[in-house]
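**Student:** Next come the chains, spelled out residue by residue.
Protein chains: 2
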Amino acid sequence: MDAKKALTETAGDMDKAADYLRETGVASVAKRAARDPSEGVVGVYRHSQAGRPVIGVLIGLASETDFVAKNEEFIEAANDIAMHAAASRPQWLSRDEVPEDALEKEKELIAAQARNEGKPDQIVEKIVDGRIGSFYKENVLLDQVFVRSDKFEGTVGDMVQQLAARMGENISISSMARVAVGEG
Amino acid sequence: MDAKKALTETAGDMDKAADYLRETGVASVAKRAARDPSEGVVGVYRHSQAGRPVIGVLIGLASETDFVAKNEEFIEAANDIAMHAAASRPQWLSRDEVPEDALEKEKELIAAQARNEGKPDQIVEKIVDGRIGSFYKENVLLDQVFVRSDKFEGTVGDMVQQLAARMGENISISSMARVAVGEG
Chain A
825 MDAKKALTET AGDMDKAADY LRETGVASVA KRAARDPSEG VVGVYRHSQA
875 GRPVIGVLIG LASETDFVAK NEEFIEAAND IAMHAAASRP QWLSRDEVPE
925 DALEKEKELI AAQARNEGKP DQIVEKIVDG RIGSFYKENV LLDQVFVRSD
975 KFEGTVGDMV QQLAARMGEN ISISSMARVA VGEG
Chain B
825 MDAKKALTET AGDMDKAADY LRETGVASVA KRAARDPSEG VVGVYRHSQA
875 GRPVIGVLIG LASETDFVAK NEEFIEAAND IAMHAAASRP QWLSRDEVPE
925 DALEKEKELI AAQARNEGKP DQIVEKIVDG RIGSFYKENV LLDQVFVRSD
975 KFEGTVGDMV QQLAARMGEN ISISSMARVA VGEG
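Heads up: the sequence lines are chains A and B, in that order.
Residues in the first sequence are numbered consecutively from 825, following the working numbering.
Residues in the second sequence are numbered consecutively from 825, following the working numbering.
Don't read these hints as lab results, they were simulated from the structure.
Hints are supplied without guarantee of correctness; some may be wrong.
The list treats identical chains as one, so a pair stands whether inside a single copy or across any two.
In silico SDA-like links for lysine to any residue, alpha-carbon gap of 20 Å or less [stated by the list, open to error]:
| hint | residue 1 | residue 2 |
| --- | --- | --- |
| 1 | LYS929 | ASN963 |
| 2 | LYS894 | HIS871 |
| 3 | LYS894 | GLY875 |
| 4 | LYS961 | ARG972 |
| 5 | LYS961 | GLU977 |
| 6 | LYS894 | ALA1004 |
| 7 | LYS961 | ILE934 |
| 8 | LYS894 | SER872 |
| 9 | LYS975 | MET991 |
| 10 | LYS894 | GLU993 |
| 11 | LYS894 | ARG876 |
| 12 | LYS894 | MET991 |
| 13 | LYS961 | GLN915 |
| 14 | LYS894 | GLY1006 |
| 15 | LYS894 | GLU1007 |
| 16 | LYS961 | ASP982 |
| 17 | LYS931 | GLN946 |
| 18 | LYS894 | ALA874 |
| 19 | LYS961 | GLU932 |
| 20 | LYS931 | GLY942 |
Take these sequences, add in the hints, and give me the full structure.
**Tutor:** This is the structure:
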């Protein structure tokens, strides 16, 4: 429905329609954010090695209505995100969850590296702000680039946001759990 | 192998054999505890409601060798424990994991109840020690009575210990994760 409207509004230009969808989608998702996403599904993925399951991931994907929760695309997305997390090993679900001390430690590390590279003090802070993005991209689920680029190109966060825009209600990853044996 | 030996040692008496197995099993498991259980499997269970998965549990069941890890009975046990945890909602894996403040709060509650019942101060402490067992049985996975009594009668901890004795190596639950949507 949203997609049709977007194509109408942009006179059939696919790229413009995608932008339109993103903008209006984001706007309407933000509007919906106040509502409580109390429905949803649990996505699961297990990775086997030599015939035995050695990594498992659970993803809680929350929606507002059970109408969306029982949608096949929605359930598939939950399983896809679980698969992604099994492969990409995010440490945290969102930036909010990164502990203050882990973040400070990383920032100090980047600053020290920048100084070692001979960067002047005035721009070290800017370098830190820039490079901390890589840290998030590596360790935070929502910032990671989705591994199945054949299915979706962008971050996991983008994927959830576009799903929300398409489904027409607030959708969020409510929890993530990863269990592995024989690692490290 | 252990079971055969137990039956031989106890002249075929099933009950005595079970006791023998438990005693010698426990002894040999304790001996093995120093070794590192670095192999294992991840058990999984998903519970669905109205056709959509709403609860998921992962259980890391660790063994010493991949010979045991690929044993069908071992993998089934991991899945069974995950199923148990989905139904019984343990908050912690072992007594060690119960936070000190949660334990203190529970003890104070029991003591207050005992005093309300008119119990003299001298025995309140004994009552606390006794009743704290119920708290563990309710909230700690290893202390919970396994839900599928048709498969095993006893606690999850007993189940793991007997599995270890039967498999002949150190086996332990290394991790547990539970994700649910739409609860509370």
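**Student:** Check each numbered hint from earlier against the structure, then list the numbers of those it violates in ascending order.
**Tutor:** Those not satisfied: there are none.
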